[in-house]
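Asker: The lines below spell out each chain.
Number of protein chains: 2
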Amino acid sequence: MRNLKMKISYDGFKYKGWQKQKDTDLTIQGKIEAVLSKMTEEAVQLVGCGRTDSGVHAENYIANFHTKCALSTDTMLDYLYEYLPEDIGIKSIEEVAERFHARYNVKSKTYVYKINNNKFRDVFNRKYTYHLADKLNLMKMRYASQVLIGTHDFQSFTNLRNSDKSTIRTINYINIDEKDGLLVIEVNGNGFLWNMVRIIVGTLIEAGKGNLKPTDVEKILNEKKRWEAGPLAQAKGLFLRDVEY
Amino acid sequence: MRNLKMKISYDGFKYKGWQKQKDTDLTIQGKIEAVLSKMTEEAVQLVGCGRTDSGVHAENYIANFHTKCALSTDTMLDYLYEYLPEDIGIKSIEEVAERFHARYNVKSKTYVYKINNNKFRDVFNRKYTYHLADKLNLMKMRYASQVLIGTHDFQSFTNLRNSDKSTIRTINYINIDEKDGLLVIEVNGNGFLWNMVRIIVGTLIEAGKGNLKPTDVEKILNEKKRWEAGPLAQAKGLFLRDVEY
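Sequence order for the protein chains is A and B. Following full-length UniProt numbering, the numbering of the first sequence begins with 1 at its first residue and continues without gaps. Following full-length UniProt numbering, the numbering of the second sequence begins with 1 at its first residue and continues without gaps.
Because the hints were derived from the structure by calculation, they are not lab data. Among the clues, some could well be false.
Since the list gives no way to pick one copy over another, a pair counts as held whenever it fits inside one copy or between any two copies.
What the hints assert, rightly or not - Simulated pairs of lysine-lysine, DSBU-like, Cα-Cα distance not exceeding 30 Å: (1) 31 <-> 236; (2) 31 <-> 119; (3) 107 <-> 236; (4) 22 <-> 209.
With the rest of the complex left out, here is chain A (with noise of 0.2 Å):
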């Protein structure tokens, strides 16, 4: 059996999440499976390294699949490119070792989200961009990220309830940048909870209101309380940029 591993970008807006789903055929983990076992003659099934969200993008997903089809990589992008929808792109395939796992051996992953803070949306990058008029303070999103830098438990960031799997995760690093008027906040760890990204930036949102000092986020963490946090940030400004093994 090969193992081949694929970097995929696609266009989240109309989708309900990367998932397979019982109940709808829009989702981009179905779609390709999809073309995937028609171009193979197998029932495919893809490892992806994680859930994203309803209307979340992606720039560089990774998963993996087996497979004992014969053909070239460069023959399977090929057909993928001329079956897949025009908003889901495979940007490479490669042969990986057999013990590859597209979940279970990420070390971390970098996530961005995007904010146009600028008085009028973008009519280019409505679909792209969380369009939020009022200005935010850069210095204090700053100041309040890096409290949740490092290990916690981060029990406040998930809409995730009753589990008994461990909410304890580390964030590596949260940058925030500006530029004509459109943030950008790129956060790696080594793992999200459900919302977790979204969550965070709901939390730093406020703090950038001057509504959440550090010392409040210290406290929400500490709280271990979903409602304490700050709302969940819209799908759409939600991209994942890349996933490191």
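Chain B: place on chain A using the hints.
Answerer: Okay, now just chain B, sitting in the frame of chain A:
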């Protein structure tokens, strides 16, 4: 009467072009006039800087209109932002002299055409670039473009037929740049005939493929026959960038 000048950006993807038409509601002019008329309680008529084809975008389209409405331009901006569709944005409104006319007073216009010249489509730019996998030779395109600079009869570069109007126009410059496989062709001229920029781009693409030499482009100009020039490049890659007065 006040004379107000607007700077407009629009994603033209789903529209039938700038100009109002009887048989469709999907024009930029139609959409904006409807909101302006509601706002001013007058039958507002917009004077646009020119037509743009179905599917063509604009970063800074200029239009003006006369009104007795006493609202401040800031209030007007907020109103338009509230009621216009997401893919049409008003960037500014300013008071101008009574004699200002958005079409008659145009000195020159700048268009850009974007070509994704990478092997695969870009999922995030698919509606704003023309995707062409065959590698284009930038130098050949630049050489060919130089033939078009200056004042010429551009009859071969329009789909307009049987017109008594002059087809003589002046191209001031054509810049062609490339970054990460994205080709950007910038064309500035004193005026453009129907489809002229897209036929120029279609012709430069032929040059970039090695199918036309600068002497061929000279011949195309001289022949004054539409079928001698290159094909019409797709609308979605074209943006009206600026209008100079």
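Asker: Each of the hints needs a verdict: does it hold here or not?
Answerer: Here is what the structure says about each hint:
Taking the closest pair of Cα atoms, residue 31 and residue 236 come within 30 Å of each other both inside a single copy (20 Å) and across two copies (26 Å). In this homomeric assembly, residue 31 and residue 119 come within 30 Å of each other (Cα to Cα) only across copies, at 21 Å, whereas the closest approach inside a single copy is 37 Å. With identical chains, the CA atoms of residue 107 and residue 236 are at most 30 Å apart within one copy only, with a shortest distance of 25 Å there and 40 Å across copies. Taking CA atoms no more than 30 Å apart as the test, residue 22 paired with residue 209 passes in neither setting, with 41 Å inside one copy and 47 Å between copies.
Taken one by one, the earlier hints fail for this structure only at number 4.
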